[in-house]
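Read top to bottom, the protein sequences are chains F and W.
Counting from 1 along the first sequence, just add 132 to a position and that's the residue number in our numbering.
Counting from 1 along the second sequence, just add 24 to a position and that's the residue number in our numbering.
By construction, these hints were calculated from the structure, which means they are not laboratory data.
Heads up, some of the hints might be wrong.
Unchecked claim - To be clear about the criterion: a stretch of chain W counts as covered by chain F if any three or more of its residues have a C-beta under 8 Å from a C-beta of chain F, and this derived list gives those stretches: (1) 51-65; (2) 74-86; (3) 92-103; (4) 113-123.
Unchecked claim - Sample of chain F residues facing chain W (criterion: CB under 10 Å; computed from the structure): (5) V210; (6) R213; (7) A214; (8) A365; (9) E384; (10) F385; (11) Y388; (12) V391; (13) E394.
Note that beta-carbon positions come from the ideal geometry of N, C-alpha and C, so glycine has one too.
Each chain, written out:
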Amino acid sequence: MTENRDCTVAGQRELGEDYFLLQVAWPELANQVCAGQFVMLGLPDIGEMLIRRPFSVARTVASEPGRAPCSFEILYKVYGRATRAFSRLRAGAVVSVLGPLGRGFWLPDESEHDRTEIVLVAGGIGNAPFPLLLQQLGPRAQHVSLFFGGRSREDLTLLSWFRERCQVITTTEDGSEGRRALVTEPLAEKLDDDPNRRRVVLACGPQPMLKAVAEICLAREVLCQLALEETIACGFGVCLGCVVEQRHPASEFERYVRVCTEGPVFDAREVIL
Amino acid sequence: MSPAVRTAVDLGRGLVLRNPLLTASGTFGYGLEFEPFLDLARLGGIVVKGISPKERSGNAPARIIETPSGMLNAIGLQNIGVMRFVQEKLPALRERDTALIVNVFGNSIDDYVTVVEQLEAEEGIAALELNLSCPNVEEGGLEIGRSPRSIEQVTHAVRQRTRRALWVKLTPNVSDISETARAAVSGGADAVSLVNTYVGMVIDVERRRPVLSHGHGGLSGPAIRPLAIAAVYQVCQAVDVPVIGIGGIVAARDVVEFMMAGARAVQVGTANYNDPAIAAKLVDGLVEWCAAHEVADVNQLVGAAQQ
Ligand SMILES: Cc1cc2nc3c(=O)[nH]c(=O)nc-3n(C[C@H](O)[C@H](O)[C@H](O)COP(=O)(O)OP(=O)(O)OC[C@H]3O[C@@H](n4cnc5c(N)ncnc54)[C@H](O)[C@@H]3O)c2cc1C
Ligand SMILES: Cc1cc2nc3c(=O)[nH]c(=O)nc-3n(C[C@H](O)[C@H](O)[C@H](O)COP(=O)(O)O)c2cc1C
Ligand code: FES
């Protein structure tokens with residue numbers, strides 16, 4: 133169940149310039165959160181941060197292997213005021229957290245899993261929800277492919293962690309890692325390679341990438357789920373600030389759906405980007 | 025909580041709230057969404073999202089953007105309409121042990137009358153609050169709340185049709201808020217609540233256009249607090265009905281500040297997003313403040329800073 137709590141920062145690690153991995157202690161959340169769900173993160177003093185910021189839960193962490201997780205991680209890039217403030221947090225600091233929030237990715241169940249290939253597409257920091265997804269898949273993760281693109285190799289955070297767990301295909305715009313291309317290029321090739329294979333594509337990243345991924349998948353009738361971003365103020369459905377337009381609303385009144393509540397993950401056929 | 029501090033406030037027409045803390049319309053959903061975080065019975069009351077005759081889908085995104093110490097919104101008054109409100113929300117809300125205030129808006133006198141008439145037969149509503157910050161289709165789109173004459177007309181029309189406590193919510197986007205407050209009172213308002221949001225705009229300098237799809241939006245949050253305090257202070261000198269203070273409350277001392285400016289009760293808005301339990305915490309904070317300052321009754325604060 134969604135709760136609002138002040139939590140202790142268990143640690144923070146810098147992953148190259150402007151990328152951080154923040155670990156927050158909250159066992160109950162770590163045990164129930166699903167990949168694609170998010171939390172609102174703020175500072176305990178409302179005077180320092182009026183509007184909290186949304187972040188995907190990137191991973192959960194146990195105190196020792198085999199134990200239930202006791203904390204969760206947020207993988208983020210420094211953009212502006214809030215993320216810069218978070219980047220200065222150290223172990224022992226207190227953050228205010230609301231979560232878990234939203235509807236995450238929905239995965240083929242175990243019986244169907246052998247027949248449905250899971251394809252992940254991440255652009256830059258859009259890789260954030262995928263470590264948790266791979267954790268939740270366990271050994272099945274090795275059959276997953278991750279198409280991971282960025283401007284440069286510095287944008288491909290946690291790359292070796294991903295490589296240990298699934299098939300990774302990298303692209304960069306400057307060619308510093310993997311193929312010099314947009315991530316959608318090898319994705320389209322993959323889908324065309326074996327067009328009759330049953331697949332589901334899960335994508336997270338900048339809007340233009342999501343748009344391109346949706347087009348590629350819709351044109352090939354491949355199931356596709358998109359993790360969308362909109363400005364979030366409350367995160368739990370009450371401000372109505374975070375909407376996107378539905379493709380087939382049941383009525384004029386239902387034209388917009390809330391990213392924080394009906395999403396952030398949507399079927400690509402449901403929304404207009 | 026210190027039992028020594030008396031917190032009940034009288035807002036007229038027999039409506040006594042257990043404490044002065046209310047939640048502001050549009051920032052507290054239909055109230056029920058906040059139950060995982062706080063006990064609604066701790067609050068003086070809740071003001072639910074504005075209701076119109078028909079459901080509305082609202083504006084295209086982007087609808088919100090953070091601003092220095094505040095936020096700008098142009099939600100477009102998305103709501104489920106009075107029929108569905110009565111069928112889907114009211115049955116649960118009236119079971120709650122808190123004063124329920126229904127915020128009403130429309131684009132014509134008829135719209136307000138329609139909603140109020142449909143609510144009149146329903147049990148469990150403590151007061152109506154009229155949001156007049158909408159364009160009036162009958163007056164060429166001029167905002168009702170900017171014209172004293174329209175305010176008086178709408179208030180009067182509603183007054184004829186309700187036995188309930190009637191509050192008029194004032195927009196601060198006028199040259200003289202005392203004048204619009206007086207118009208509401210002469211139309212029959214039992215109390216006035218202020219302020220609604222200030223008109224604002226943020227421009228995306230890379231895209232060279234306003235961030236919000238609607239262009240301008242309504243500014244709320246601590247950024248507007250000194251403006252709202254000044255408005256409350258001024259209106260309290262102009263009218264004799266209770267004044268409900270709204271604008272940028274995030275802490276107990278902000279509540280005290282509004283009350284000292286003359287407000288009998290207050291509404292918390294944007295801060296609910298940051299902490300969905302804040303309204304209940306502010307009740308405790310207000311009592312603690314009073315206890316620490318040897319104030320036995322919160323009513324002693326009302327207008328304390330007025331000269
Ligand atoms: C559901 C969801 C999950 C997200 N998960 C992650 C994640 O795992 N890792 C990560 O690095 N980023 C994530 N983001 C984006 C992250 O929320 C923004 O980068 C962050 O809010 C920027 O705040 P800032 O103050 O540093 O930047 P600002 O200077 O405020 O703005 C920089 C940019 O961030 C975006 N932004 C600002 N405020 C908000 C807001 N209230 N809600 C949403 N976006 C905003 C805007 O696009 C803006 O242009 C997610 C966003 C959403 C909606
Ligand atoms: C997202 C949002 C939606 C709002 N919707 C309404 C509304 O439907 N009706 C209304 O009378 N006021 C509405 N308001 C205004 C608030 O009730 C309040 O007057 C204003 O936000 C100032 O208080 P604050 O600074 O504490 O937020 C809205 C404010 C926000 C931020
Ligand atoms: S962020 Fe408030 S409704 Fe989604």
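Going down the list of hints, with the structure as the test:
With a threshold of 8 Å between beta carbons, the proposed coverage of the segment 51-65 of chain W by chain F holds, since 7 of its residues qualify and at least three are required. Against chain F, the segment 74-86 of chain W contributes 7 residues with a C-beta closer than 8 Å to a partner C-beta. That satisfies the three-residue criterion, and the hint holds. Only residues whose beta carbon comes within less than 8 Å of a beta carbon in chain F count, and the segment 92-103 of chain W has 6; three or more means the coverage holds. For the segment 113-123 of chain W, the stated coverage by chain F is violated: 0 residues have a C-beta nearer than 8 Å to a C-beta of that chain, whereas at least 3 were required.
With a least beta-carbon distance of about 16 Å to chain W, the hint placing V210 of chain F at the interface is violated under the 10 Å criterion. Interface restraint check for R213 of chain F: the shortest CB-CB distance to chain W comes to about 9 Å, inside 10 Å, so the restraint holds. With a cut of 10 Å, the hint placing A214 of chain F at the interface with chain W holds, because the nearest CB-to-CB distance is about 9 Å. At its closest, the beta carbon of A365 of chain F sits 5 Å from a beta carbon of chain W; the interface hint therefore holds under the 10 Å criterion.
Nearest Cβ of chain W to the Cβ of E384 of chain F: about 6 Å, under the 10 Å cut. The hint holds. For F385 of chain F, the interface hint holds, the least distance from its beta-carbon to any beta-carbon of chain W being 4 Å, beneath 10 Å. Annotation: interface hint on Y388 of chain F holds; nearest CB of chain W at approximately 6 Å, less than 10 Å. With its C-beta approaching chain W no nearer than about 9 Å, V391 of chain F sits inside the 10 Å limit, and its interface hint holds.
The interface hint given for E394 of chain F is violated, since its Cβ lies 14 Å from the closest Cβ of chain W, which is over the 10 Å cut-off.
Violated hints, listed in ascending order, are 4, 5 and 13; each of the other numbered hints is respected by the structure.
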